[in-house]
Amino acid sequence: MLVIQNLKKIYKMGENVVVEALRGVSFQVKKGEFIAIMGPSGSGKSTLMHIIGCLDHVSEGNYSIEGENISKADDDKLAEIRNKKIGFVFQQFNLLSRSDLLHNVEVPLIYRGIKSKKRKELVVRALKNVGLGKRINHKPNEISGGEKQRTAIARALINNPSLILADEPTGNLDTRTGEEIMKIINKLHKQGHTIILVTHEPDIAQHAQRIIRFRDGLIENDEAVIR
Amino acid sequence: MIWETLRIAIDSLIANKMRTILSMLGIIIGVGAVIAVISIGSGTQKQVTDEIISLGADVINIFSGTSRGQGGKISLNSSDVFTLELSDYINEVSPSVKRVVPIAQGSGLIIKGNINIRTTVIGTKPDYIEVNNYNPVLGQFITSDDVKANSNIIILGSSLAGDIFGEENPLGKKIKFSYLNKDYLFTVMGVMEEKGGGLIGNFDTQAYIPITTYMKKISNSRFVTSYIAQANSSEETSEAAREIEFFLAKYLNDENQEKFELFNQDQILDVVSSVTGYFSIMLAGIAGISLLVGGIGIMNIMLVSVTERTKEIGIRKALGAKSKDIMSQFLIEALSLSGLGGVIGIVFGWISGLIVAKLGGMSMMMACSTVLIAFCFAVIVGLFFGVYPAMKAAKMDPVEALRYE
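The listed protein sequences correspond, in order, to chains H and Y. The first sequence begins at 12 in my numbering and counts up by one. The second sequence begins at 27 in my numbering and counts up by one.
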């Protein structure tokens, strides 16, 4: 489903300083796979996340999602792919603090052009699925961290994306709440969603089927998890 | 989509009430000032114009011009051109002219007991009331017998009569007119109706005596100050003015028309409208500048708002917002600010215009076009100054924006 070939990301900092964040990375992700990406900070895993999440452009190499090569796509095209094919779950939750959960979850539907009545229907169902059916009119500062992350998961799923991209989803949560979130993610995997999880916690990474380790902009190893 | 964007923009304005009000303040004051200034301006213009029109469209004032004195000096004593007879000549030779009334006037003190009031005394003929459409409410105006006999009779303007006599009936009473240190005794024969301000002085504060009395007893001159000519009808006013000009130029041997000047309502209206027009433009310009300043205020607030909401922009972009979605969100926010500010400004301008007009005794006229122009200008200002912050927001890199704390 995802094909990444010899991917490079080069940042120009000033005139002569060039930073190679990714120095030629290749791997594939099959539909329904659950992958964990690990590596120390500065290893290039965040950069890879941004590229896979279509938040950033590719410098060299190829990246295709569901057969569509988007290495050369413009900003609007990337926005459209983010909207339709990718569901983000962030460490910082990244909810709109001034809006209620209803609006937070419906944002991707708005940019997709779904009508208000239909949106409300979908949002209510999505929030019920993560156990927040009664919190629909609450604002993010009125709910707990775990509830915030569940809201973010509802939002990530609302457009029925091909890929769920979770960047340290338990990083800001206590262990017990983190476990709860991982249960939801596991459930999503069982339902057939493709999941890429970035984490530096080995315990969390063990939930995945396969772990790719990064170091200095290259893949250090890529192996299946043996249970 | 546009409704969604509008809702998002309005939600954000409501969420920051204080900031919203402060940033609208410039626009409110700007639009308010434009509305108030233009409304009072056009109200005043209408008031003045109406007053001039009420003086009669068929009237032509003839003044003596400032002729050159000896040695190139401007002669201050320029009134030695018009005689009493000349008024009759003008009337005879100009077929479009119905009548010509001579006027000789001077300023002195009217004295009765311990009251003395500085007053302009007009020496004139009985026709004066016809030309000015101005009638006595008590007694009578100057008669032709009074003119023939150089009688010492006087007719008082309404407020002058009130100032001298109060509630007392002035008819038949004697008053003194003191002019150049000489006193003249007059009998009050009439009091005029209220008329208010005219082109030349205020009718109500003046006093009227026979022209012959003025010339022979007071000024001792064979020259009068001016003439008022009346055309046969309003339509013939221009024709009458041409005839008078032609005749006087020949008669006074004054081809360049230096010795006399004609003044009719059209000319005065032109002058008034050009003067008030300039004023309106100038004041509206100043008000416009304050609108511009208001626009800059909006831009500042929008720029702050964009920076403050960097994270929100990042989130929206991550969730699929295109640059144009972000752009329109912030543009609509700026437009809502300026539009709402415009509406409040219109109300504010209307109220303050009413108050100022009331306090200053002016009249106010609020035209639809003024309101529309002020509102559109406010919206354009919002659009213009909203574009830069909106573009800044739209151009944000989603990765950078998401990282912002």
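Keep in mind the hints are simulated off the structure, nothing from the lab. Backbone N, C-alpha and C define an ideal beta-carbon position, used for all residues, glycine too. Check each hint, because a few of them may be wrong.
As the list claims (entries may be wrong) - Okay, derived cross-link-like pairs now, SDA-like style, lysine to any residue, Cα gap no bigger than 25 angstroms in a straight line:
#, chain 1, residue 1, chain 2, residue 2
1, Y, K348, Y, K421
2, Y, K421, H, M24
3, Y, K337, H, N183
4, H, K150, Y, R429
5, Y, K43, H, L113
6, H, K96, Y, R144
7, Y, K348, H, N183
8, Y, K348, Y, V369
9, Y, K337, H, N232
Unchecked claim - Stretch by stretch, here's where chain H covers chain Y in the computed footprint (C-beta under 8 angstroms, at least three residues):
#, stretch
10, 35-41
11, 331-345
Tested hints:
no.	hint	result
1	K348(Y) x K421(Y)	holds, 10 angstroms
2	K421(Y) x M24(H)	holds, 19 angstroms
3	K337(Y) x N183(H)	holds, 18 angstroms
4	K150(H) x R429(Y)	holds, 22 angstroms
5	K43(Y) x L113(H)	holds, 22 angstroms
6	K96(H) x R144(Y)	violated, 93 angstroms
7	K348(Y) x N183(H)	violated, 29 angstroms
8	K348(Y) x V369(Y)	violated, 31 angstroms
9	K337(Y) x N232(H)	violated, 34 angstroms
10	35-41	holds (count 3)
11	331-345	holds (count 8)
Hints 6, 7, 8 and 9 from the list above are not met by this structure, while the remaining hints are.
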